[in-house]
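Undergrad: Sequence:
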Amino acid sequence: MKNQRTPTLFEQKIYDALLHIPKGRVTTYKLLAQTLRCRSAQAIGQALKRNPFAPEVPCHRVIRSDHHLGGFQGKRAGASIREKTRLLEQEGVLFNPEGFLIDPDRIVQI
DNA sequence: CGCAGATGGCTAG
DNA sequence: CTAGCCATCTGCG
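Here the first sequence is numbered in the working numbering, starting from 110 and rising by one per residue.
Hints were generated in silico from the structure; no laboratory data involved. Treat the hints with care, as some may be off.
[Unchecked claim] Below 25 Å or equal to it, Euclidean Cα-Cα: the simulated PhoX-like pairs (lysine-lysine) are:
(1) Lys-132 / Lys-158
(2) Lys-132 / Lys-184
(3) Lys-122 / Lys-184
(4) Lys-184 / Lys-158
(5) Lys-132 / Lys-122
(6) Lys-122 / Lys-158
(7) Lys-139 / Lys-122
(8) Lys-139 / Lys-158
(9) Lys-139 / Lys-184
Just need the whole structure built from these sequences, with the hints factored in.
TA: Shown next, in the form of structure tokens:
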């Protein structure tokens with residue numbers, strides 16, 4: 110593990126935004142992208158997948174704009190997603206058995 | 001409802 | 001410098 114490279118400006122913004130998310134609140138990739146002044150949510154997901162700051166950065170508070178969970182720990186399905194939902198439930202954000210957000214009001218923009 | 005294309009930045013060679 | 005990648009998004013059939 111010698112990939113301790115220098116975090117890019119975008120990554121720092123992403124992590125900073127996540128830390129700005131209050132407890133019990135979630136954000137979407139696209140929304141986060143707009144906050145970062147970026148038009149690609151893909152870049153956001155990539156940075157989170159790399160997440161050199163995990164688990165210092167609550168990347169589990171980021172979901173898709175379709176109210177879907179999205180992915181976690183580099184996977185779009187599996188036990189990782191279950192854990193992600195579990196963490197959000199503990200914060201007050203409930204999801205459907207299929208992985209869909211029940212309370213869209215929990216989504217806030219940074 | 002399902003698929004393909006677009007889109008912007010990151011990593012690796 | 002070039003090419004491929006991404007936990008996405010949007011549009012079209």
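Undergrad: None of the hints should be skipped; say for each whether it holds.
TA: To see whether the hints hold, each was checked on the structure:
1. Distance hint between Lys-132 and Lys-158 is fulfilled; the C-alpha atoms sit about 21 Å from each other, no more than 25 Å.
2. Using a Cα cut-off of 25 Å, the hinted pair Lys-132 and Lys-184 holds, with the two alpha carbons roughly 24 Å apart.
3. Distance restraint check for Lys-122 and Lys-184: the Cα-Cα separation of roughly 23 Å lies within the 25 Å cut-off, and the hinted pair is therefore satisfied.
4. At roughly 9 Å between alpha-carbon atoms, Lys-184 and Lys-158 fall within 25 Å of each other, so this suggested pair holds.
5. For the proposed pair Lys-132 and Lys-122, the alpha carbon gap of about 19 Å is at most 25 Å, so the pair holds.
6. A hinted pair counts as satisfied when its Cα atoms are at most 25 Å apart, and Lys-122 with Lys-158 qualifies at roughly 15 Å.
7. About 14 Å separates the Cα atoms of Lys-139 and Lys-122, which keeps this hinted pair within 25 Å; it holds.
8. A threshold of 25 Å between alpha carbons decides the hint, and for Lys-139 with Lys-158 the separation of about 16 Å falls inside it, so the pair holds.
9. About 19 Å separates the Cα atoms of Lys-139 and Lys-184, which keeps this hinted pair within 25 Å; it holds.
This entry satisfies every hint, going by the numbered hints stated previously.
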